[in-house]
Amino acid sequence: MQLRQLTLADFRNFSSSGAAAGPGAAGQVVEFGPRFTVLWGHNGAGKTNVLEALYLVSTLRSFRTSDLKAMLRRSCDHARVEVEAFDFELGLSTRLEVRIDRSARSTRRSARVDDKLMRSAVDFYGRVQAVLFTPEDLGVLRGSPSNRRQFLDRVLFARERAHIADVQAYDKLLRSRNRVLKAEPHDMPAGERARLLDTYDQGLAEVGARIRTRRVELVELLGEPFAAAFTQIHASEALASGSFESGLRYRARGEGTALTTADLLAALREHRRRDEAARRTTVGPHLDDLEVTLDGSPAGDFASQGQARALVLAFKIAELRAARERSGRAPLLLLDDVSSELDPSRSARLFEALEAEVGQCVLTTTAATYIELGAGVDRRDIELADGVIVDARGARAGA
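Per this note's numbering: the sequence shown = residues 1 to 399.
None of these hints come from the bench; they were simulated from the model. Not one of these hints is a red herring.
Derived DEER-like restraints, expressed as beta-carbon distance ranges:
#1 A277 / R108: 41 to 51 Å
#2 D391 / D263: 52 to 62 Å
#3 R4 / H78: 21 to 31 Å
Ideal Cβ placement from N, Cα and C applies to all residues, glycine included.
With these hints in hand, go ahead and build the complete structure from the sequences.
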């Protein structure tokens, strides 16, 4: 899928007044180049909102919030995000639309393809495949295990349609099991407690095994391209002070890597008494971690800030390569403010790597001059200010 244009109407700081994107459709219109589209402007201009809108069309989720109302323009009850694109598989142009509508009782999201309402999210999800990088990703190495699990799951959301539903189902089952574990003996008969725990154990084992298996397989898949990409981005430091060997490892807490339903069910039952004493579930994929290593040691413990940034970006390049190998086409790459997080030499090597890998890339920066692409690389520069396109310069070669 190649993007041609995006229309935003009352989404975040983009109003519904502006150029028309078709009969009866109004809003602010962003036209993309076939390779690199550079969105630039001051903080608060709306650059990240454009990436959020594209990610919403890709996954039906925001990468910034779970609250649909937060994506509505102030004082508005309706928002629309529409993408016009060319579908390579069908050989046809297509229009994808996501609407957010707020009523007195609820706020709902709906999706349409060529004006046809999609009854199931599965029928819409993944038509635009996207790989996302945000500045918040740079805190993953030194953040909590839950942040790293979310980091992995976000990759899987773009690869496996069923993964979102499994994560949501697992979280619901986990909350229910923990409520039973926290219940006082006088509030629940022992037989009822045991029956409920048996039911929740079975559900957690079935869904948890699928979640853990996908995560383990993803980490194994990305390990080699991740190491290669890190070496490329971090080349000068590696030459100056010896090799920096990077690696990825998925760590299951407590019971080892129980990948089957039977193994995870056995672990839940084995640790039930401990769980009852702790009043929470102490085994399962909700406690697992992604370990990133540098020369065999956890990178979060001693990697420099520059090395940490290079490691996270290497993971994104590995994700990009894996997605391209899987589908035969490079996915859309979304890079939010990456230029401010790298020194000029690492930034140059990053874009050198991206030029060889990316099909279409939309990135944000505070100044277009910060993005130095190689000679002959197709790019389109778009200036934004307060949710309005100030200047859009057509596709051109070089920076």
